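J.: Sequence:
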Amino acid sequence: MFRSLVLGLAALALVVGGLVAEEHKGKLKKIDTSAKKLTIETKDGEKTVDYADGLKIVGKDKEGKDTDIDVSKAAKTVEKAAEKGKSPAVTVTTEKKGDKEVATTIKMGGGKKKDNK
Numbered sequence: 166m167f168r169s170l171v172l173g174l175a176a177l178a179l180v181v182g183g184l185v186a187e188e189h190k191g192k193l194k195k196i197d198t199s200a201k202k203l204t205i206e207t208k209d210g211e212k213t214v215d216y217a218d219g220l221k222i223v224g225k226d227k228e229g230k231d232t233d234i235d236v237s238k239a240a241k242t243v244e245k246a247a248e249k250g251k252s253p254a255v256t257v258t259t260e261k262k263g264d265k266e267v268a269t270t271i272k273m274g275g276g277k278k279k280d281n282k
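Going by our numbering, the sequence shown wraps up at 282, each residue one higher than the last.
If you're looking for bench data, these hints aren't it; they were derived computationally from the structure.
From a predicted model like this one, the values you see are computed outputs, not experimental measurements.
For each residue, glycine too, the CB sits at the ideal point set by N, CA and C.
A hint or two may mislead.
[What the hints assert, rightly or not] Calculated pairs, PhoX-like style, for lysine-lysine (alpha carbon to alpha carbon, straight line, at most 20 angstroms):
#1 LYS201 <-> LYS238
#2 LYS192 <-> LYS262
#3 LYS221 <-> LYS190
#4 LYS202 <-> LYS262
#5 LYS238 <-> LYS262
[Claimed, not checked] Label-pair distances were calculated between CB atoms; the ranges are:
#6 ALA254 <-> ARG168: 40 to 48 angstroms
#7 SER199 <-> SER169: 44 to 52 angstroms
#8 LYS265 <-> GLU228: 32 to 40 angstroms
#9 VAL223 <-> LYS195: 15 to 23 angstroms
#10 SER169 <-> ASP197: 21 to 29 angstroms
#11 SER169 <-> ASP231: 16 to 24 angstroms
Please model the entire structure based on the sequences and the hints provided.
T.: In structure tokens:
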């Protein structure tokens, strides 16, 4: 009986956690590593969100496989791309922590079309 209750509460926590998470799609304009903030240009305008130390950034390697990217390396890449007017397309997953929205994952990619030959 107690085991069923604990498992039920754990399942409820996972469902509620999933409902709190939100995704923002757009162009990543800036990663401010000193202030731990990132700026995204979405169709609704510019959005700035905080990020925590455990921020996960996922990109593609040369073989097209998912790979983790270091935050400081990603910040430099985004800065160089923004200077050229080519900010990367991203999907940013956020969670509500208190009254703030905090980024947990950035998935790089999108925007490139595959050549179907």
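J.: Please go over all the hints and tell whether each is borne out by the structure.
T.: Hint-by-hint comparison with the structure:
1. LYS201 <-> LYS238: Cα-Cα ~14 angstroms, so holds.
2. LYS192 <-> LYS262: Cα-Cα ~24 angstroms, so violated.
3. LYS221 <-> LYS190: 16 angstroms, holds
4. LYS202 <-> LYS262: 15 angstroms, holds
5. LYS238 <-> LYS262: 26 angstroms, violated
6. ALA254 <-> ARG168: 40 to 48 angstroms: Given about 45 angstroms between the Cβ atoms, the range holds.
7. SER199 <-> SER169: 44 to 52 angstroms: 48 angstroms, holds
8. LYS265 <-> GLU228: 32 to 40 angstroms: 37 angstroms, holds
9. VAL223 <-> LYS195: 15 to 23 angstroms: 19 angstroms, holds
10. SER169 <-> ASP197: 21 to 29 angstroms: 46 angstroms, violated
11. SER169 <-> ASP231: 16 to 24 angstroms: 36 angstroms, violated
Going through the hint list in order, the structure does not satisfy hints 2, 5, 10 and 11.
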